[in-house]
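Colleague: These are the residues of each chain, in order.
There are 4 protein chains.
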Amino acid sequence: MSEIQSRKQDHIDIVLNRDVGFPDVTTGFEKYRFDHVALPELALDDVSLETLFLGRTLALPFLISSMTGGPDKAEQINRNLAEAAAELKIAFAVGSQRVALENEGAGGLGKTLRDLAGAIPLIANLGAAQIRGADGPDLAARAADMIGADAVFIHLNPLQEAVQTGGDTDWTGVLSAIEAIAKSGITVAVKEVGFGINGRVARQLADAGVSIIDVAGAGGTNWARVEAARVKEDDRHASIKAQVGAAFRNWGIPTAEALVEAAMVAPDATLIASGGIRDGIEAAMAIRLGATLAGQAAPALAPALQDPEKIVEHFTVLGEQLRTACFCTGSKDLAALRTARLRGLDAP
Amino acid sequence: MSEIQSRKQDHIDIVLNRDVGFPDVTTGFEKYRFDHVALPELALDDVSLETLFLGRTLALPFLISSMTGGPDKAEQINRNLAEAAAELKIAFAVGSQRVALENEGAGGLGKTLRDLAGAIPLIANLGAAQIRGADGPDLAARAADMIGADAVFIHLNPLQEAVQTGGDTDWTGVLSAIEAIAKSGITVAVKEVGFGINGRVARQLADAGVSIIDVAGAGGTNWARVEAARVKEDDRHASIKAQVGAAFRNWGIPTAEALVEAAMVAPDATLIASGGIRDGIEAAMAIRLGATLAGQAAPALAPALQDPEKIVEHFTVLGEQLRTACFCTGSKDLAALRTARLRGLDAP
Amino acid sequence: MSEIQSRKQDHIDIVLNRDVGFPDVTTGFEKYRFDHVALPELALDDVSLETLFLGRTLALPFLISSMTGGPDKAEQINRNLAEAAAELKIAFAVGSQRVALENEGAGGLGKTLRDLAGAIPLIANLGAAQIRGADGPDLAARAADMIGADAVFIHLNPLQEAVQTGGDTDWTGVLSAIEAIAKSGITVAVKEVGFGINGRVARQLADAGVSIIDVAGAGGTNWARVEAARVKEDDRHASIKAQVGAAFRNWGIPTAEALVEAAMVAPDATLIASGGIRDGIEAAMAIRLGATLAGQAAPALAPALQDPEKIVEHFTVLGEQLRTACFCTGSKDLAALRTARLRGLDAP
Amino acid sequence: MSEIQSRKQDHIDIVLNRDVGFPDVTTGFEKYRFDHVALPELALDDVSLETLFLGRTLALPFLISSMTGGPDKAEQINRNLAEAAAELKIAFAVGSQRVALENEGAGGLGKTLRDLAGAIPLIANLGAAQIRGADGPDLAARAADMIGADAVFIHLNPLQEAVQTGGDTDWTGVLSAIEAIAKSGITVAVKEVGFGINGRVARQLADAGVSIIDVAGAGGTNWARVEAARVKEDDRHASIKAQVGAAFRNWGIPTAEALVEAAMVAPDATLIASGGIRDGIEAAMAIRLGATLAGQAAPALAPALQDPEKIVEHFTVLGEQLRTACFCTGSKDLAALRTARLRGLDAP
Ligand SMILES: Cc1cc2nc3c(=O)[nH]c(=O)nc-3n(C[C@H](O)[C@H](O)[C@H](O)COP(=O)(O)O)c2cc1C
Ligand SMILES: Cc1cc2nc3c(=O)[nH]c(=O)nc-3n(C[C@H](O)[C@H](O)[C@H](O)COP(=O)(O)O)c2cc1C
Ligand SMILES: Cc1cc2nc3c(=O)[nH]c(=O)nc-3n(C[C@H](O)[C@H](O)[C@H](O)COP(=O)(O)O)c2cc1C
Ligand SMILES: Cc1cc2nc3c(=O)[nH]c(=O)nc-3n(C[C@H](O)[C@H](O)[C@H](O)COP(=O)(O)O)c2cc1C
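Residue numbers (numbering that gives the first Met the number 0), protein chains in the order written: chain H, 0 to 347; chain F, 0 to 347; chain P, 0 to 347; chain G, 0 to 347.
These are calculated hints, taken from the structure and not from any lab test.
Just so you know, these numbers come straight off a predicted model, no measurement behind them.
Every residue, glycine too, gets a C-beta built ideally from N, C-alpha and C.
Do not rely on the hints blindly, as some may be mistaken.
Stated by the list, open to error - Beta-carbon label-pair distances, calculated as ranges:
| id | chain 1 | residue 1 | chain 2 | residue 2 | range |
| --- | --- | --- | --- | --- | --- |
| 1 | H | K331 | P | D345 | 26 to 34 Å |
| 2 | G | M263 | P | G343 | 41 to 49 Å |
| 3 | G | R342 | H | A58 | 55 to 63 Å |
| 4 | P | G343 | H | S1 | 57 to 65 Å |
| 5 | P | T25 | G | V264 | 31 to 39 Å |
| 6 | P | T25 | H | E49 | 47 to 55 Å |
| 7 | P | T25 | F | A335 | 27 to 35 Å |
| 8 | P | R337 | G | R337 | 55 to 63 Å |
| 9 | G | S47 | P | P266 | 36 to 44 Å |
| 10 | G | K231 | P | N16 | 51 to 59 Å |
| 11 | F | K331 | H | K331 | 38 to 46 Å |
Unchecked claim - Per the computed footprint, the stretches of chain H lying under chain F, defined by three or more beta-carbons under 8 Å from a beta-carbon of chain F, are:
| id | region |
| --- | --- |
| 12 | 42–51 |
| 13 | 236–249 |
| 14 | 278–290 |
Claimed, not checked - Pairs of lysine-lysine, DSS-like flavour, derived with a Cα cap of 25 Å:
| id | chain 1 | residue 1 | chain 2 | residue 2 |
| --- | --- | --- | --- | --- |
| 15 | H | K309 | H | K88 |
| 16 | F | K30 | H | K30 |
| 17 | P | K309 | G | K231 |
| 18 | P | K110 | P | K88 |
| 19 | P | K72 | P | K110 |
| 20 | H | K309 | F | K30 |
| 21 | P | K110 | F | K30 |
| 22 | G | K30 | P | K30 |
| 23 | P | K88 | P | K231 |
| 24 | H | K231 | G | K309 |
| 25 | P | K231 | F | K309 |
| 26 | H | K30 | G | K30 |
Next comes chain H alone, as it looks inside the complex (with noise of 0.2 Å):
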């Protein structure tokens, strides 16, 4: 197993069985509440979540967001995801797709992702480190035609390679190889892990032509614990860097607060709102505040080690949620729900 291969799989096992969240940041979610409408005149089975996303319709506003599985359990994850995400009719988004260039599609990542996802809007990944250079745009296309993507997921992860042993800390350049590729043709989406893209770069990344962002913001994983948690004590060198780790464990932008701001400076761009999302009451507020899809990686990994149904039953229940969130809100649909009152707690 490769050094990468392996911190893989220590991710899982982490994400799956240790607390590696924020202990005093919060999404920001739960400074909102929906004003609950007893009279919605409408039908609960009359509300439609469908949405337009990358020119296909989707039954549910959502994304499976990436997730790389490691050697021995990617494939069976990412065919288990395809699966569900067909018959959810939801978005799909794998995850790095580092490894499986190198091994010809490995773990799940080939041709046969696309027959198995059907007709739902499917999303190459690759990380910022990997495109930096000439060749950016070329791997980007090989990214997105190995699965038959409809765009491609450059996610920005400084703080992440930044508190690892041997990560890609060289992050110039990164912002005009994404132009690159935006140039190139390829539809290009742009998202972080965990900590939130700001307001400043989502207008960067709106200007280099990308034209999906997902804020992916704090308050779900915390990426510096997951590899802090990793550390074997007795080296040093590894040691001083999981002490670096620990101490951004409230670092970020609160994912709500991220949407916010990118929806102000990036009117155009299509946003997806991440990060600890929890439930489809805190989708419909993503959706509220400009977000076109909520997403989720690490409550959906659990089901995606079992089978297609535990994947279907889990967004059935975040899907049921939201529905029932916009008959409470008396919204037919989800640009009703867009104009529907959200109050802000805080606000006086």
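Go by the hints and put chains F, P and G with the ligands onto chain H.
Modeller: Just chains F, P and G with the ligands, lined up with the frame of chain H:
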């Protein structure tokens, strides 16, 4: 026992024995504080708590809020409550008459109720789903006649219906159904069941001819959690509903906030505050903020299962707390209480 | 033992042994912070805490607040407190003289008290209920003469009376009774017993000729809970009173807030702050916010039951805390302390 | 062992083993949050943390804050700290030289210290009480010469002195004594020991010719509690002092607040932030808010008792945390960090 009757029985058991409140939502009354008046210039015994409601004079400004009692206990509960209300001279609203209408006054909801209740205001009860369609006014008239009621409560509980298996989830036409009943000459009261009526709905109701609005806000019993607690986990569909319901554990408009909003937008309606009111001091706050009556359901349930004396003692305590609050704010009656200084603790 | 005497005995036991504070109300002093001055340019020993009160010079700006001691211990308590106050040169207010007036100075409330107290300010004590009617001024004069007092405290305790069986609950005419005493030439002081005097009452009192106001606010001993704790649950009437009292566990105006309001509306009155003052830093805050003296009752009770030395030590600690607060704010005396920077932590 | 030496030994034991922090006061840094920058456009390794201090270039903007070590351990501690500081290229301030001045450089505070420290900035230390009077400048010169220091810290600790038996409590003339030293040509630095320097004092110091101010605010070690913890309860006088000290457990100006105020009123002074700084992110905030260096004492004590390597590791971690904070705010050096977006969480 029919499905609906076994549900009612479950409700009572769950409300009495399980924690089904709102984990992080409060009524909002704790954000207020009366200004203590050390020189009341009153005699405690001279404080009058009398109020006029539905043309009848109450000794205390309280409402026993609607509760259905299930097949076994309904008759006893209703008898106990009617007798106690008569002795206390407070208003009494019966629980849903849906079953009783089909079973000729079963559960103590027949003509004898008025005999027991004497001259106090008595309010019938129907769900929004039942009154839709042409026979709404007729049904409301029958419900009122059945028990000799002064008015009919229509309860709006879209969330409770949405999270229960087989709930009534078509809420189209409810407003016009309410309007039709009001036009037919029946005094119409409308209430939620614990998620609150917001300002916009309060205004719609007033415009439709509703004369009494019970905001029935959040902070007391949470009916999404009550319904979720009923679910046997082995039924997949029901288990999804239960997970939906659980997500709504903090949904709803705090009672005090709903009341303040309703008082602002529907100044001519007679307002009732219920939902989590704990004692006579909170009842005093409700009256200060615009309510004519304060209502309680769940806190009156245990006494109601015992005997009229227990109910009388329960509301006597509430009354003495209210009287003492009047005394210590220098208010000789409820009109004076409405001008007492009440400080919002949030305000700077 | 008369009913009233057994009540007083109970009070002492309850205050010493049970938790009868305010669960969710604080004095409000914790919302302030003195600005530390690292360069005081003073000698600690040169800080003067002297103050003029009732024409006499105190070494420390403290008042031992009124406490009645019950049949067995009153005499000893009063003797201990008088001796200690004389040694400390602080003011001493005796507890209610209601029983003593009927029993010719029982409980140590006779002429010897002034002998023990020496030249310190001594304040008599009567309840509002007793002074109503034509003989109020006469009673007040007798209470003062009995112990050679410099002034008479009238305590206003409407809530305490309202929640106790057989309490005095006719509070009409109290203000004019107070005015009559003031007109008769007696120096009148007025206090609450722990629920606070609000701005409006403070103004009324000042207008009626009251020269000293002790706001005796919420945050320390809660007398509604003390009375509720006395109740034997088997008496139905008493049990109702106890449930009424329990509801008032968070009633009242926080001491610091009452003080700030009184200072604003009654700038000419001599103000005393009492009710939950814990240490010399809070005493310093009280003085900074407008008080001439800071008073304590419950914290002085345990030492008072022992011997004068314990009381002297208790107030010596308080005095040294106050002196150190003056030193660390660069205040050479209490006049300087009144201009020290005190920051309200709530203010933005 | 002299009384003063046994006190110093106690201090070390208490700081290491007892909870002597501020129960309800925090440094205030937790009220801020850096805006995460997902696109830093930097290489982590290119981030420069160099800073100029006292004419010497530091590799990291840190100060080992003054600590006296007691009779047994002082020499070892000072040697360890000097060696580590030299290796780390950070500034080092020795503890009080009061004893060393009387004992010719005892405790490792002689000429060899500068040899160990190499080219790093070294700061001498005297208490305010010692420099009063005509020989202040002479004493300061001797303290500096003794160890080859670049500057002399005068520590202002009026509260610590006030709550200890036999403390120096005459603080008249301290400011002019400081001014005299500055006028004599010595570079004067002034610090508190954990209760903070407020804006007014900072301005006075700057006007008196002080060029370096360490605000040494509240939120870390509380010296009133440390002194209170030393007391043997059987000595009445000492027991009173201990009770005085305990009341000051929440006294003082939070470090971040003191810093912001000093930066505002004394813009020309070189500011150091110390008092409860926990990690490199809080150090980054301090620098962002106006500090040139961030200082730590108590957190460095345990490593200092071991060996130079432990100290090097401790500050290396702090440095890497700071470097990562620069990286994730897109700041290539400390000048850039000073313009990074830092959000105050309290602000609306
Ligand atoms: C097991 C796991 C693996 C992940 N791998 C990737 C990845 O390869 N690429 C990526 O962009 N994000 C990856 N992420 C981050 C997620 O896409 C997401 O941004 C983040 O976890 C926040 O969302 P959450 O709170 O719903 O988990 C991974 C997350 C998890 C839990
Ligand atoms: C056992 C029980 C049964 C109830 N049944 C009804 C009902 O049939 N109709 C109705 O309008 N509300 C019903 N309610 C809701 C109450 O009337 C009330 O609105 C709600 O419980 C909030 O008030 P509370 O916090 O004082 O309980 C019921 C409540 C309880 C506790
Ligand atoms: C044991 C005890 C007896 C008291 N008796 C009287 C009294 O007779 N008259 C009175 O005006 N206040 C009386 N008080 C009230 C106190 O004077 C004071 O206003 C109140 O306790 C709040 O101050 P504290 O928080 O320092 O106790 C009594 C208090 C205590 C603890
Ligand atoms: C063991 C110890 C000894 C100290 N001795 C001194 C001293 O001699 N002179 C001085 O100015 N400050 C002294 N201090 C105070 C520190 O320099 C510093 O201002 C304070 O502890 C706050 O910083 P911290 O929270 O990082 O500990 C001492 C601190 C400690 C922990």
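Colleague: Would you say the C-beta atoms of R342(G) and A58(H) sit inside 55 to 63 Å of each other?
Modeller: violated (38 Å)
Colleague: Check the hint pairing K30(G) with K30(P) against an upper bound of 25 Å on the C-alpha distance.
Modeller: holds (17 Å)
Colleague: When you take the CB atoms of T25(P) and E49(H), is the distance between them in 47 to 55 Å?
Modeller: holds (53 Å)
Colleague: Taking 25 Å as the top limit, are the C-alpha atoms of K231(P) and K309(F) close enough?
Modeller: It holds: about 19 Å lies between the C-alpha atoms, which stays within 25 Å.
Colleague: Would you mind confirming whether the straight-line C-alpha gap from K110(P) to K88(P) stays at or under 25 Å?
Modeller: Judged against 25 Å, a Cα distance of about 19 Å means the pair holds.
Colleague: Range first: 26 to 34 Å. Now tell me if the beta carbons of K331(H) and D345(P) are that far apart.
Modeller: 44 Å Cβ-Cβ, so the 26 to 34 Å window is violated.
Colleague: With respect to the beta-carbon atoms only, verify the hint that G343(P) and S1(H) lie 57 to 65 Å apart.
Modeller: Since G343(P) and S1(H) have Cβ atoms about 60 Å apart, the given range 57 to 65 Å holds.
Colleague: Are K72(P) and K110(P) close enough, with their CA atoms no more than 25 Å apart?
Modeller: holds (18 Å)
Colleague: Given the proposed pairing of K30(H) with K30(G), does the C-alpha separation stay at or below 25 Å?
Modeller: Holds, because 17 Å separates the two Cα atoms, which is no more than 25 Å.
Colleague: Just tell me: holds or violated, for the beta carbon distance of M263(G) and G343(P) against 41 to 49 Å?
Modeller: At 19 Å between Cβs, range violated.
Colleague: For the region 42–51 of chain H, do at least 3 residues have a Cβ located nearer than 8 Å to some Cβ of chain F?
Modeller: With 3 residues in contact (Cβ-Cβ under 8 Å with chain F), the coverage given for the region 42–51 of chain H holds.
Colleague: Regarding the pair K88(P) and K231(P), is the alpha-carbon distance no greater than 25 Å?
Modeller: The hint is violated at about 42 Å.
In terms of the numbered hints stated before, the structure departs from hints 1, 2, 3, 8, 9, 10, 11, 13, 20, 21 and 23, listed from lowest to highest.
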